[in-house]
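Novice: Sequence:
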Amino acid sequence: MKYQRKMLGRILVDMGAITAAEIDIVLEKLQVTGKNFGDTGVIEKLFTEEQLAQALAIQFQYEYVDLSDQVLDQELLALLPSGVPMKYNLVPLDKTDDRLTVAIANPTDVIALDNLELQLGLKLELKIAAKGQIERLIERGAGSQRVLREASEDFKLQLIKETDKGDEVLSIEKLTADTSPIIRLIDSTLFDALNKRASDIHIEATGEGVVIKYRVDGVLYQATETIDARFQSPIISRIKVMSELDISERRIPQDGRFKVRMGTKSIDFRVSIMPTIFGEDAVIRILDKESIAADMKGLTLEVLGFAERERTRMRSRIREPYGMVLVTGPTGSGKTTTLYAALSEINSEEEKVVTIEDPVEYQVKGVVQIPVNEKKGLTFAKGLRSILRHDPDKIMVGEIRDPETAQIAVQSALTGHLVFTTVHANNVFDVLGRFLHMGIDPYNFVSCLNCVLAQRLVRKLCPHCKEPVTHPPELLSQYGLTEEQCADANFHDANGCKECNGLGYAGRSAIVELLEMTDEIRERIADKSPISELKKLARENGTLFLRESALEKVLLGETTFREIDRVTFAEN
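The C-terminal position of the sequence shown is numbered 616 in our numbering, with every residue numbered one higher than the one before it.
What the hints contain is simulated information worked out from the structure, not anything from laboratory work. In this text, all values refer to a predicted model and were calculated from it rather than measured experimentally. Take the hints with a grain of salt, since some may be wrong.
Below are the DSS-like pairs computed for lysine-lysine, each with C-alpha atoms no more than 25 Å apart in a straight line [as the list claims (entries may be wrong)]:
no., residue 1, residue 2
1, Lys419, Lys303
2, Lys167, Lys79
3, Lys303, Lys175
4, Lys73, Lys50
5, Lys131, Lys175
6, Lys175, Lys50
7, Lys50, Lys171
8, Lys171, Lys542
9, Lys171, Lys309
10, Lys50, Lys79
11, Lys131, Lys167
12, Lys89, Lys175
13, Lys240, Lys542
14, Lys504, Lys542
Work out the full structure, taking the sequences as your base and the hints as a guide.
Specialist: Dropping the structure here:
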């Protein structure tokens, strides 16, 4: 008996996707749209792409597949000629000796599928999936490969040279025509790193070859397969040419910078070259000021991840008329971002805000920003002295590195200015020692200090693939957590998905310990009381230490125990 194919509209009615009356609505509309029944129904929002795919699977007796959690197999993708997935709107799922299983959205285009079988020399086994899911999978799964390929073939980054007359486009390709594949490799690497939100690109020479890594959310991961070692020297030479460094010098470190124009956007890159036993390594810091400016809009302490208790305490201190707000932590812990969030919350047209930084990473409307230029003699100390003659109300000093800058900053805070600044130290109490070792008078220092904020950044679990987990009591006791603390805990973990590039984390959140300066704490510091006493007093005044702040994020399901172990350690 010959199989009688059921009408698509009837199948959708049987599925409960539409009513019988809505079939007529679709039939009327398709006269206008000029499309088929299924596409017209989706356009009119009478049923979804997923429901259409399920109905087509029933109609043509194929299996329906849900691709929402599917990750594209790069090896299978490599079997297909370039452009085939996009042209035929399909993705490969599996392969046996002579058979390729693919997910398609439209099983009616028989001629195109027959042509594809001839082209591949394989029998196609069809499964049906939603059109949008296939397109997203091609875009995300093949996106990186496609972007790199397009960048290699067509994409050109315009290298910019800054001159006295403005920016001038350089044509390095003409100077180094023999290394054009290397130019394409570097261009595509820069482009891919920007797409993946990388903050740094590491190009490392190893015994096996050249390894390219990206730092995303503070953690390194390998971006490509290892490149043959013979390309190491041309890659480094290309980066040196872009940065206007000495190509012939390979025995000493070199630092430089370059700027590229990508479309209408200009992006700054800082370069550091270092000789190693296998050749030279390069680290490229990405300063995408336009993206940063977009992130700066609406930047508040909430956005950074401050807990409500810390937000309230911090805001009361940054609104004081004068004094010093000090933020401390290692490189890359978000100190400058926190200061800008604080500045943006209190910035008004009634007051003059001046900053001095190295370099100016964020551009903020209404704030006078001065870049340090040590080669020309503009240091933090010299710039800070000039700022004081510009009648400021609030001053931000990017970093205190030397006794002279520290002395001027303290004097500024004592003479009626509100000073925001950072210093490298591990916690709020180490800061005190740093300033005293710089020869600052302890009484003056504690008198001007409003608060000290120590900060770290922990990665947040990816919202797309995180799922609830339970932890054994032994593990919880290792972290000093009691049953009462864990009663309402919301523990989560993540295995990684296409949205987070398989990392399991997306974005970062601040953990902080905030020491507010009270008269009693000032007296104890001036009397050089032991740190243990200061810690006890700080806790009584509401200070939550870094480890405790990090554990709070775990209890809320925002991050994991292994992540907080990466950035904090247990207090004694």
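Novice: Each of the hints needs a verdict: does it hold here or not?
Specialist: Tested hints:
no.: 1; hint: Lys419 with Lys303; result: holds, 19 Å
no.: 2; hint: Lys167 with Lys79; result: violated, 29 Å
no.: 3; hint: Lys303 with Lys175; result: violated, 40 Å
no.: 4; hint: Lys73 with Lys50; result: holds, 21 Å
no.: 5; hint: Lys131 with Lys175; result: holds, 13 Å
no.: 6; hint: Lys175 with Lys50; result: holds, 21 Å
no.: 7; hint: Lys50 with Lys171; result: holds, 18 Å
no.: 8; hint: Lys171 with Lys542; result: holds, 21 Å
no.: 9; hint: Lys171 with Lys309; result: violated, 42 Å
no.: 10; hint: Lys50 with Lys79; result: holds, 20 Å
no.: 11; hint: Lys131 with Lys167; result: holds, 18 Å
no.: 12; hint: Lys89 with Lys175; result: holds, 15 Å
no.: 13; hint: Lys240 with Lys542; result: holds, 12 Å
no.: 14; hint: Lys504 with Lys542; result: holds, 16 Å
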